[in-house]
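Q: Residue numbers (our numbering), protein chains in the order written: chain A, 7 to 142; chain B, 9 to 160; chain C, 3 to 405.
Derived from the structure by calculation, the hints contain no laboratory data. Quick reminder that beta carbons are idealized off the backbone N, C-alpha and C, glycines included. There could be a bad hint or two in this list.
List of simulated lysine-lysine pairs, PhoX-like, C-alpha gap at most 20 Å [to be verified]: (1) B:61 x C:26; (2) C:185 x A:56; (3) C:43 x B:58.
The following residues of chain A were derived to be distant from chain C, with all beta-carbon distances above 12 Å [stated by the list, open to error]: (4) 19; (5) 61; (6) 127.
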Amino acid sequence: MGIDVGKFLKAPEYDIRITTYRDIFQIEALEQDRFGEEYKKLSAAVMMGKSDMDKMGFKAGDRARLTNNNGSIVVEVRATRREEPGGIVFMMNSPWSNSLVSDDTRGNGIPEFKNISCRISLTKEDITPLEKLIAF
Amino acid sequence: MPTVMELYQLLPKTNCKKCGESTCMAFAVALLSRKKNISECTPILEGSFKKQKEKLESLLLPTAGAEETGMIVHPELCTGCGNCVVACPVDVANDPKGAAIGCAPTNDKVIFRVVDGKVIASNIKECRRFGKNRVLCYACIDPCPTGAIEFV
Amino acid sequence: MVTCTGCALLCEDIDAVVENNRIKETRNACRRGAAKFRGCKNRLTPSVNKKQTDVDASIKKAAELLKTAKSPMLFGWSNSTCEAQAKGIQAAKKLNAIIDDTSSFCQGILIEKVLRKKFRTCSLEDIRNQADVLVYWGSDAQDSEPRHLSRFSYFPRGEARQRGYEEDRTAIAIDVRESNTAKICKGHFYRIPLKGDRELILALTDALSGKVPAYDTKRILELANILKKAEFGVIFAGIGLTYSIKDELDILVALTDRLSNFHILPMVGHYNMRGFNENLFKETGFVNRVRFDGKAVHDNKYAIVEALRQKAIDALLVVGSDPLSSLPRSVLPHLAAIPVICIDPCVTLTSKIATVTIPAAVSGVESGGSAVRMDGRVIELSKVVENNYLSDAEILARMMEGA
Ligand code: SF4
Ligand code: SF4
Ligand code: SF4
Ligand code: SF4
Chain A
7 MGIDVGKFLK APEYDIRITT YRDIFQIEAL EQDRFGEEYK KLSAAVMMGK SDMDKMGFKA
67 GDRARLTNNN GSIVVEVRAT RREEPGGIVF MMNSPWSNSL VSDDTRGNGI PEFKNISCRI
127 SLTKEDITPL EKLIAF
Chain B
9 MPTVMELYQL LPKTNCKKCG ESTCMAFAVA LLSRKKNISE CTPILEGSFK KQKEKLESLL
69 LPTAGAEETG MIVHPELCTG CGNCVVACPV DVANDPKGAA IGCAPTNDKV IFRVVDGKVI
129 ASNIKECRRF GKNRVLCYAC IDPCPTGAIE FV
Chain C
3 MVTCTGCALL CEDIDAVVEN NRIKETRNAC RRGAAKFRGC KNRLTPSVNK KQTDVDASIK
63 KAAELLKTAK SPMLFGWSNS TCEAQAKGIQ AAKKLNAIID DTSSFCQGIL IEKVLRKKFR
123 TCSLEDIRNQ ADVLVYWGSD AQDSEPRHLS RFSYFPRGEA RQRGYEEDRT AIAIDVRESN
183 TAKICKGHFY RIPLKGDREL ILALTDALSG KVPAYDTKRI LELANILKKA EFGVIFAGIG
243 LTYSIKDELD ILVALTDRLS NFHILPMVGH YNMRGFNENL FKETGFVNRV RFDGKAVHDN
303 KYAIVEALRQ KAIDALLVVG SDPLSSLPRS VLPHLAAIPV ICIDPCVTLT SKIATVTIPA
363 AVSGVESGGS AVRMDGRVIE LSKVVENNYL SDAEILARMM EGA
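For reference, chain A alone in the conformation it holds in the complex (with noise of 0.2 Å):
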């Protein structure tokens, strides 16, 4: 009876998939400081319709894994700007979307940057810092 079971369970892993996008905003902090804070808080994030959150338990605010055979981050959850029918998920094209997308283009050369699967789940870990997705 003691034994709070939840303790030991992983937090729950959802399939997603991801789309990404330009941001005007994110664009600019991009021109003045690829390495600045303002480019990170902007490209570490993943934009989440409400009824995904909910239906993930997730808020706005909480840290999620993003994991797939071609990498793993911790971004920040956010919500959309507008309404969102859900099933898919938002990022900005960036350094951590990009650690996600698998290399094979089928021989065309072009990767889907915008078409990503993996996997979503909450933690408690730090964003996934720029140097780590630089270091190899």
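Let chain A serve as the given structure and place chains B and C with the ligands on it in line with the hints.
A: Okay, now just chains B and C with the ligands, sitting in the frame of chain A:
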């Protein structure tokens, strides 16, 4: 709308009293309520505070507009896309060879201009929402992608 | 008035207020353009093997690395002037190198179709003066080419469009996400599922040939009707659309064949990507992914992503681009393992790992030249401030002097 703290942070913070207020904080309050003008703080006019002065001016501009007509431009939301510049009927009428056809404004009679990537409103008294024949115009609000223009 | 190199609209109506040889203020440039004029916080400095050196020494080392490489690639180019691109193409010839640009994983395949005249296209001035139906498809112009709608496509009054956008023009957005552009198109926003472009194109093609579209019949017929009635229509094809139908672009050709009043304009972000495509096309008949070997050979294996994945290159020159930031991380280990030469005005992720770094002038701000707007028109760039930075073209010329 900027906060008193935001304005205060940009002042010299020396409490020199040259502006006639006893502290910089008091001056910030007076600035916000538009009882004082930035230029009354003579130390900030000196070269070394140039950046801060410009920032203060940009923070206070929208409130200057709101005072007269109720229009507020939120510079932090503005993308400088120029949609409002080209869509405003006053700009179209006053600058048929510039703003009206999508080019940079060619004179000072327009309401909207983009400076440093953000919109600045002037000549606000010309806005169709005011004066004798006023109409409820939305021509700058509807084309704005980010809700940077507001009337209060 | 000066030209902005913030994006491929190359706005020529920018007022840059210069004081003491510094840009104090810009007028008329959007937020993206203003940021470009303001410049970056960290300028690049010359280095070899991560040790500071002078520009001459770094250029010399770069030439040496490229000459000794067996299979070098020259990459970047979409943020360089036409003059620098021409120098780059000559260098690739001389070195028997592979040359590729960012269009390789962006709009290259679509621009190629335009240059091969598979699509009807038109100028931005034609659009301003004539266009009545505008389709932003997989393209968020508001954020990527921020003055597109205000300068040319939707809001301005043009010769045949005198009454303003509400009456004279219809703007339609087709996208997965309700972007800022979609917001402006309000009543004409068609949300599609991810990768749903194909279905929509086929359904529209059906509707236009009198068949009943397979799904969402009412809305598709409505859309087809607007397209059919257009006097001068334009599809602004963004990378959202290109990526989604990259293996079967011909379905888009087939759709536009049914729309005789329609034009296609590929939306381009980087200011001179179209310039590179046109310059290489003139020289070789291909827009990117070319290896010189006596003659020009085009192959998908010369695409930067494929070449890195297959570890097929042994040195990389990067000009005005940041592959470490823009490529899938999965291909980057090879990039980090070979000599990289980075020519850029600013410190980039790539410059951090580069063997040689060579600082360059910001084109359109610190050096002039020319570039090709997204619709193919050549635009002169301005030199707004004077300083000692060499332009990309000058650096490449010096690099190839001894080669
Ligand atoms: S003049 Fe300026 S610096 Fe001096 S007290 Fe007034 S606000 Fe502060
Ligand atoms: S409300 Fe109408 S007239 Fe007034 S500034 Fe906006 S667009 Fe111009
Ligand atoms: S329409 Fe909105 S975002 Fe665009 S310039 Fe005007 S205020 Fe700024
Ligand atoms: S739209 Fe593009 S070219 Fe025009 S000012 Fe903005 S960034 Fe510069």
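Q: For each hint, tell me whether it holds in the structure or not.
A: Against the structure, the hints:
no., hint, in the structure
1, B:61 x C:26, "14 Å, holds"
2, C:185 x A:56, "18 Å, holds"
3, C:43 x B:58, "19 Å, holds"
4, 19, "20 Å, holds"
5, 61, "18 Å, holds"
6, 127, "20 Å, holds"
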